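Student: Position chain B relative to chain A; hints supplied.
Those protein sequence lines, which keep their order, are chains A and B.
All residue numbers for the first sequence refer to this note's numbering, where the first residue is 373 and numbers rise by one.
All residue numbers for the second sequence refer to this note's numbering, where the first residue is 2 and numbers rise by one.
None of these hints come from the bench; they were simulated from the model.
Where hints are given, some of them may not hold.
[Stated by the list, open to error] Distance condition first, Cα-Cα at most 25 Å in a straight line; then the derived SDA-like pairs of lysine to any residue:
| id | chain 1 | residue 1 | chain 2 | residue 2 |
| --- | --- | --- | --- | --- |
| 1 | B | Lys89 | A | Cys389 |
| 2 | B | Lys89 | A | Arg376 |
| 3 | B | Lys93 | A | Gln495 |
| 4 | B | Lys89 | A | Thr652 |
| 5 | B | Lys89 | A | Gly447 |
| 6 | B | Lys188 | B | Pro149 |
| 7 | B | Lys89 | A | Trp425 |
| 8 | B | Lys89 | A | Gly653 |
[Unchecked claim] Just so you have them, the derived chain A footprint on chain B, three or more residues with Cβ under 8 Å:
| id | segment |
| --- | --- |
| 9 | 118-128 |
| 10 | 140-149 |
None of these values were measured; they are calculated from a predicted model.
No residue lacks a Cβ here, since even glycine has one placed at the ideal position from N, Cα and C.
This is what each chain is made of:
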Amino acid sequence: MAERTRNQLRAAFRGLCDGLDLYIRLVGAQFRAQLQYRTSFALQLVSNFCGTWVDMVTIVLLLSRFSVIDGWTVGEVLLLYGIAGVAFGLGDMAVGGFDHLSESIRTSAFDRVMTRPAGTFLQTLAGEVLLRRFVRIFQAAIALLIAFSLTDIHWTVAKVLVLLGALGSGMVITASIFVIGAAFTFWTVQTSEITNVFTYGGQEMMSYPMSIYADWLRSFFTFVVPLSFVSYLPALYILERPDPLSLPAAFQLLSPLVAALFFLVARAAWELGVRHYQSTGS
Amino acid sequence: MIEVTDLQKTFRVHRKARGGPLSVFCREVVNVRAVDGVSFSVADGEMIGYCGPNGAGKSTTIKMLTGILQPSSGRMRVAGLDPAQDRKALAKRIGVVFGQRTQLWWDLPLVDSFELLRHIYRVHADAYRRRLDEFTELLDLGPFLRTPVRQLSLGQRMRGDLAAALLHEPPILYLDEPTIGLDVVAKARMREFLAHLNRARGVTVLLTTHDMADIERLCPRMLIIDHGRVIYDGATEAIKDRFGGERTVVVDLEEAAPPLSVPGAWVVKVDGPRQWLRFRRAETTAAQVVAAVAASSRLVDLAIEEPDIEEIVRQIYEGRPDPT
Chain A
373 MAERTRNQLR
383 AAFRGLCDGL
393 DLYIRLVGAQ
403 FRAQLQYRTS
413 FALQLVSNFC
423 GTWVDMVTIV
433 LLLSRFSVID
443 GWTVGEVLLL
453 YGIAGVAFGL
463 GDMAVGGFDH
473 LSESIRTSAF
483 DRVMTRPAGT
493 FLQTLAGEVL
503 LRRFVRIFQA
513 AIALLIAFSL
523 TDIHWTVAKV
533 LVLLGALGSG
543 MVITASIFVI
553 GAAFTFWTVQ
563 TSEITNVFTY
573 GGQEMMSYPM
583 SIYADWLRSF
593 FTFVVPLSFV
603 SYLPALYILE
613 RPDPLSLPAA
623 FQLLSPLVAA
633 LFFLVARAAW
643 ELGVRHYQST
653 GS
Chain B
2 MIEVTDLQKT
12 FRVHRKARGG
22 PLSVFCREVV
32 NVRAVDGVSF
42 SVADGEMIGY
52 CGPNGAGKST
62 TIKMLTGILQ
72 PSSGRMRVAG
82 LDPAQDRKAL
92 AKRIGVVFGQ
102 RTQLWWDLPL
112 VDSFELLRHI
122 YRVHADAYRR
132 RLDEFTELLD
142 LGPFLRTPVR
152 QLSLGQRMRG
162 DLAAALLHEP
172 PILYLDEPTI
182 GLDVVAKARM
192 REFLAHLNRA
202 RGVTVLLTTH
212 DMADIERLCP
222 RMLIIDHGRV
232 IYDGATEAIK
242 DRFGGERTVV
252 VDLEEAAPPL
262 SVPGAWVVKV
272 DGPRQWLRFR
282 RAETTAAQVV
292 AAVAASSRLV
302 DLAIEEPDIE
312 EIVRQIYEGR
322 PDPT
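This is chain A alone, in the form it adopts within the complex (with noise of 0.2 Å):
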């Protein structure tokens, strides 16, 4: 028996090793792509890094008027808005293949996904990872070290966990509501408005301290779509901010499981996702 279950783990953990292999060499082949055009990749980093501007400066300036938003300053402000943008960065970076899911059913394209014997959910997230979304990362991890100038934060070990856990947890929450969002195209073969309103319209939620925002609205972004975790409950923690909403102080450690148990969740849906493809085609 226990050497059964030896077995499954050794099976499990090649398995992991192999998809972990394929995901690099697929990765890698779309990074040497994109850099096949030189060109147009540069123009395109220059445009993306003067865009990813606009955001900052209406923080700054909105600051710059009223001083403080429900009672956070400058630099606190940008520390939520660091966070979220590092933790958005990365996940839109790292699930770029299912915000193109629609074009990819529509083309067939995801038929060939589905002829190859590796998961579908893997070959859709090594399917496209653009290199040029490391600017939105750059840009934002900018501003996380403006916050830490402008704030004086009495750094801990703790905090520091907590700082990358909150990075690392944001990155797959955000990235799991970009794959419940692909999931939904199975049925309406269009990218649905929804999902940008809680992908793109979240990171800019999530700069923001969620104590301006209605009681239903946090809630709803706490216990059902759990951007709270991404960087406002972090923050609290880091900041030593009393809590206005009086929220268990532990909410403030648990982004990590929170994140995981949210990746569950996105997993279910996406296979849930497949099988109805499956049976009604595009």
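Tutor: This is chain B only, laid out in the frame that chain A set:
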């Protein structure tokens, strides 16, 4: 190798009800039976043509046989597996070529696609090397192995796609319109390679095509389906003898004229100065028909059409008796 029993696929199609502004909300749901009780079996090493007009249910059948779609009912067995249950296991035993869409990485050199597929299919490095060398020689891939796929001609790309589908040495190959858009030389080369593959390797091939010549050259047996049902399953030779007996000469005259009268041929269509004349091969020849036309009117251009699959299906329905 392939065993299909009473296969059915029904799609629910939403149709907008006609009328008022609220019609979006009262859509009609219609069940469309794309595949309606198809049964056939393909033996190990057989090469079979799977034909039918557009919308007959060909691609739906292929999609079920590859595990892309689940059947509504019926039984399938491919290489000992149920495609609906074992999609991934089956994927390793089949090769699929869709003529109209490539599976190659557009922006990368051809050989990079092969390398990636080697990892997707987990082909051992030695076996991969051996097969790549073999296909490079047979399909003459050498000159463009390092060229980005987007720069290849259609013929080169199709050869690349064929090699890509065969790197994992599948015992079964599905080909969907592999010669579409190719010129005569490229078509001939493709057919030669497929025949070799079938003869030397014993690969079982299911070929879907519009080109009757593909079937005649490659497949001793053919299946014809229409409206989701098999209307013919038998020797290709018999179909050719029964329905391939008629050909059409298309003539372009200098100016529009009333339907021509030519012995042994009859006009089936007139479009301005262009006329279609059909004749039976057993009764007269294209040369005689053309000579007769040229003798009576001023002939500008001409072409000869082979009967296509749509034409054959039409004739099967008409139950046209054997012309000889």
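Student: Against each hint, give a clear statement of whether it holds in the structure.
Tutor: Checked hints:
The suggested pairing of B:Lys89 with A:Cys389 holds, with an alpha-carbon distance near 18 Å, which does not exceed 25 Å. A hinted pair counts as satisfied when its Cα atoms are at most 25 Å apart, and B:Lys89 with A:Arg376 qualifies at roughly 24 Å. Distance check on the hinted pair: B:Lys93 and A:Gln495 sit about 16 Å apart at the alpha-carbon level, within 25 Å; holds. About 19 Å separates the Cα atoms of B:Lys89 and A:Thr652, which keeps this hinted pair within 25 Å; it holds.
For the hint pairing B:Lys89 with A:Gly447, the CA-to-CA distance comes to about 51 Å; that exceeds 25 Å, so the pair is violated. Between B:Lys188 and B:Pro149, the direct Cα distance comes to roughly 22 Å. Compliance with the 25 Å bound is thereby established for this hinted pair. Annotation: proposed proximity of B:Lys89 to A:Trp425 is violated, straight-line Cα distance about 45 Å (limit 25 Å). Simply put, B:Lys89 and A:Gly653 have alpha-carbon atoms about 18 Å apart, close enough for the 25 Å limit, and the pair holds.
Beta-carbon proximity to chain A at under 8 Å applies to 4 residues in the segment 118-128 of chain B; the threshold of 3 is reached and the given coverage holds. Coverage of a stretch by a chain is defined here by at least three residues with a beta carbon nearer than 8 Å to that chain's beta carbons; for the segment 140-149 of chain B and chain A the count is 1, and the condition is violated.
In terms of the numbered hints stated before, the structure departs from hints 5, 7 and 10, listed from lowest to highest.
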